[in-house]
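Visitor: Kindly generate the complete structure, drawing on both the sequences and the hints.
Read in my numbering, the sequence shown has 1581 at position 388, and its numbers run on one by one without any break.
Since the hints were derived computationally from the structure, they do not count as laboratory data. Treat the hints loosely; a few may be bogus.
[What the hints assert, rightly or not] What follows is a list of derived Cβ distance ranges for each label pair: (1) Pro1257 with Ala1215: 18 to 28 Å; (2) Pro1395 with Phe1589: 48 to 58 Å; (3) Gly1593 with Leu1223: 25 to 35 Å; (4) Ala1389 with Phe1261: 14 to 24 Å; (5) Arg1259 with Ala1670: 11 to 21 Å; (6) Leu1256 with Asp1385: 14 to 24 Å; (7) Asp1385 with Thr1468: 18 to 28 Å; (8) Ala1215 with Arg1346: 27 to 37 Å.
Where a beta carbon is used, it is the ideal one built from N, C-alpha and C, also for glycine.
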Amino acid sequence: MDAIVFPPVVLGPLVPTLIVLAAGALVLALELWPRALPRELAAVLALAGMVGALLATLARWGLPGRAFRDMVVLDDFALFFNVVICYAGALIVLLSMDYLRRTGSDSGEYYALVLFSTAGMMLLAAAGDLIVVFLALELMSLSLYVLAGLFKRELASGEAAMKYFLLGAFASSFLLYGVALVYGAAGTTNLDRIAAAMAARPRDPMFVIGLGFLLVGFGFKISSVPFHMWAPDVYQGAPTSVTALIATGSKAGAFAALIRVLAVTLRGVPPDWATLLWAVAAATMTVGNVVAIAQSNLKRMLAYSSIAHVGYMLVGLVAGGVGGASAVLFYLLTYTFTTAGAFGVITLCERARVEAVEVGDYAGLARRHPVLAAALGVFLLSLIGIPPLAGFVAKFYVFGAAVRAGYFWLAVIGVLNSAVAAYYYLRVVVFMYMREPDGAATAYAPSFAGNLALAIALLAIVLLGVVPAPFVDLAQAAVAPLLR
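Guide: The following block contains the structure:
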């Protein structure tokens, strides 16, 4: 009888993800400790896990590795996204410390779920197999479903969690069915082997339909039109710190998997799918910006804003090539800091002991808390794309890639949408600097950790706007091997 040969277990490429998972397990273990421990300990451990994963990522830069028969690929592409995701996770932990204490929802389970969802995002970026893509997506999503319903006594939070769960499960079924169809067409779920198998018959009906189902699943996770309807309700009902994580880290992880799947499986295939993405990109940024104009709730406004920014990032995917894909990577880096900072300001504002989430709540904020108003103003100006902030440079690279690839009118639509977006962003600035509050004024909720997170985000968007070249070069070096 032949001996069973087990594949070699190589854990090196999984070290950054394992650090995050270990930190999450340790936080859960501390919850079982018989003696009462300081609540801040769970947050400190979560932050240490994020920083440890970031340091492990930087230590492996330029040292690609594969594990479990190429199911996990820790190349520079995955490492770049690990940096984005770890920064997003660390900022969310900092913003959560005092915010959860004020809302009475501080618990070790919260930080464990943040760590587990972060691990899923990092695994998404390194997935070299469709099975790993699905498992990582579910690890991320299941954690976020629970986090969205953290405020158990608020109906809006429960509604957000239920909608997110039901629609997310529906989207996951599309994704899994797409995986099954692609496997039926190619005989494998490994991305490289799919590309080799389908090179001779890229228009195989089963493969095309399967890829379409995959795009539906990814479309939900990145909240592109027409799969965006969950985003406003979930952003509004979920705790603001969780909303920031959904808007930044989950989008980075989903885009990482989407870019790798498209770049690898369609390698050498005529870009027929670009026309479909062209329409999706134009519709996504237009719907997001137009509907955002009518929003009076700041979190809903930022939800539609995030949908519009997904449209801008899809412009880079339509452009294709190293220029387009690297522009998306740089855009995600700048978007993460900017959006986390904008939601961070919301976590620090209260009106009548309730979180200030209406645009009108920020009337007169500049007179009472000028630094906080200036920080929110800078984040909003970066989202518009005002130089010399990072948002301007990110849009410049994305639209420039589209023009160089021949998609001139798509770039024009993007620029016009940016002009439309200026209206609802600047409306918040007008309220802060030119209006007086109606009733109780918004107060600042002191938080050293929250202030530190805002300072890091502000420094990052200024640095990325003034000195973008080194980071763009890193993005190009990270994505180039995928497109060979």
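Visitor: Now tell me if each hint is right for this structure.
Guide: Going down the list of hints, with the structure as the test:
At about 23 Å, the beta-carbon gap between proline 1257 and alanine 1215 stays in the expected band of 18 to 28 Å. About 33 Å separates the C-beta atoms of proline 1395 and phenylalanine 1589, a value inconsistent with the hinted range of 48 to 58 Å. Checked against the given bound of 25 to 35 Å, the beta carbons of glycine 1593 and leucine 1223, roughly 49 Å apart, lie outside it. For the pair alanine 1389 and phenylalanine 1261, the supplied restraint of 14 to 24 Å holds, since their beta-carbon distance comes to about 19 Å.
A hinted range of 11 to 21 Å holds for the C-beta pair arginine 1259 and alanine 1670, which are about 19 Å apart. Look at leucine 1256 against aspartate 1385: about 20 Å separates their beta carbons, and that is inside 14 to 24 Å. Remark: the range hint 18 to 28 Å for aspartate 1385 to threonine 1468 is upheld by a beta-carbon distance near 26 Å. A C-beta distance of roughly 32 Å is found between alanine 1215 and arginine 1346, which places it inside the suggested range of 27 to 37 Å.
Hint compliance for this structure: hints 2, 3 are broken, all remaining hints hold.
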